[in-house]
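Engineer: Sequence:
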Amino acid sequence: MELIKNPNFDFIAHRGIALKISLAVIAVGIFSLILHGGPKYGIDFTGGAAITFKFEQEVAAEDIRDVLNRAGIQSFEVTHFGDRNHVLVRLQLTDAGDNTYLGTITTRLDQAMPDNPYIVEQSDLVGPKIGTELREKAMLAMLFALIGIIIYISIRFEAESFLGVLVTLIFGLVVLTVSTTSVVLASDLWTILIIALSAGVVGFICVKFDFKYAMGAIVALIHDVTITVGVFSLLNKEIDLPIVAALLALIGYSLNDTIVLFDRIREEYPKERKRLSLDRIINKSINNVLSRTVITSLTTMIVVLILLIFGGEVIRPFALAIFIGIIVGTYSSIYVASPVLIYWHNRFGAGADLTSRKATA
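Counting from 474, one number per residue, gives the positions in the sequence shown under the numbering used here.
The set of hints was computed from the structure by calculation and includes no laboratory data.
None of the values given here were measured: they were computed from a predicted structure.
Treat the hints loosely; a few may be bogus.
As the list claims (entries may be wrong) - Cut-off 30 Å, straight-line C-alpha distance, at most; resulting in silico cross-link-like pairs (DSS-like, lysine-lysine):
hint : residue 1 : residue 2
1    : Lys527    : Lys513
2    : Lys757    : Lys527
3    : Lys747    : Lys478
4    : Lys744    : Lys757
5    : Lys493    : Lys710
6    : Lys513    : Lys493
7    : Lys744    : Lys478
8    : Lys527    : Lys747
9    : Lys757    : Lys747
10   : Lys710    : Lys610
11   : Lys710    : Lys478
12   : Lys513    : Lys710
13   : Lys610    : Lys513
Said to hold, decoys possible - FRET-style restraints, in silico, Cβ to Cβ:
hint : residue 1 : residue 2 : range
14   : Pro480    : Leu780    : 43 to 51 Å
15   : Ala500    : Pro590    : 45 to 53 Å
16   : Lys493    : Lys610    : 20 to 28 Å
17   : Val787    : Asp539    : 39 to 47 Å
18   : Ile507    : Asp583    : 15 to 23 Å
Don't be surprised by glycine CBs; every beta carbon is placed ideally from N, CA and C.
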């Protein structure tokens with residue numbers, strides 16, 4: 474199915490404008506993160522409790538908030554899910570051994586709503602230490618995803634750089650070994666330091682072994698994740714385990730779009746390199762896969778949009794992250810990954826072959 478007949482849009486000519494837009498959006502997101510003191514972590518990462526109540530009659534979330542405020546409970550969130558009889562209460566706890574919160578809440582609810590009986594369907598407690606460990610593991614999961622992407626794309630597109638792939642693999646194993654040593658990861662500072670150093674090493678490997686395709690994909694993925702996290706900060710949304718899962722999912726989605734485009738570039742390059750410039754070849758490749766990209770993005774967005782509208786408060790943040798990721802990921806495969814490939818080729822590999830392996834349709 475071809476949604477757009479014979480497209481001939483000059484995407485690459487507007488890469489300068491796209492760069493300014495991306496930098497502006499990223500800058501706004503980073504400013505928001507600085508203003509808020511970093512991402513707003515959920516109880517999965519900070520430690521806290523999640524209590525599910527089922528009331529006999531419908532209850533307003535505002536009424537529950539009033540009860541908790543009068544009880545002197547701070548740092549909580551009340552949302553409906555499913556129907557208006559079900560209420561989810563999330564609250565942060567500074568003391569992992571504090572087990573009095575549930576009794577306090579139920580006592581106050583009994584006093585404030587004697588005519589609306591309820592049951593506690595579920596009560597989960599995450600200690601601050603466990604939350605910190607989960608946060609560290611989530612950050613490292615993103616790093617390992619990037620290392621895995623370098624290895625995969627390098628094998629797929631740049632297989633002659635066997636030494637570079639081997640170095641990347643060994644580096645990934647070293648980071649994995651270090652990250653599983655609890656003595657080293659004693660704080661967020663160590664985790665951030667390891668990730669920063671790893672990012673530097675990853676960049677050096679890409680430069681040293683001329684991983685032009687891998688660099689284009691990684692810059693696009695960092696762009697996507699940074700913008701998504703920045704939007705969540707602007708909207709004051711929490712980052713919890715489902716959101717990390719959404720970020721990893723959007724990494725996969727964006728990577729798939731980028732690989733499809735890179736495959737087409739690798740296919741077109743040997744046929745057109747004597748007749749067209751690299752900019753024109755890449756622009757032609759983008760137009761060739763444009764219908765596929767638009768159809769895939771639209772069909773996925775329709776499903777996610779339904780979740781966003783009808784999914785309820787619990788699933789809505791996850792759907793929002795995926796929705797943002799689809800838009801940004803589609804954009805980045807065209808306006809981030811491809812320009813990076815052009816820049817890399819012109820800056821470091823002018824005259825080099827972009828078809829490291831035989832093209833496959």
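Engineer: Can you give the numbers of the hints that this structure goes against, from lowest to highest?
Structural biologist: Those not satisfied are hints 2, 8, 11, 14, 16, 17, 18.
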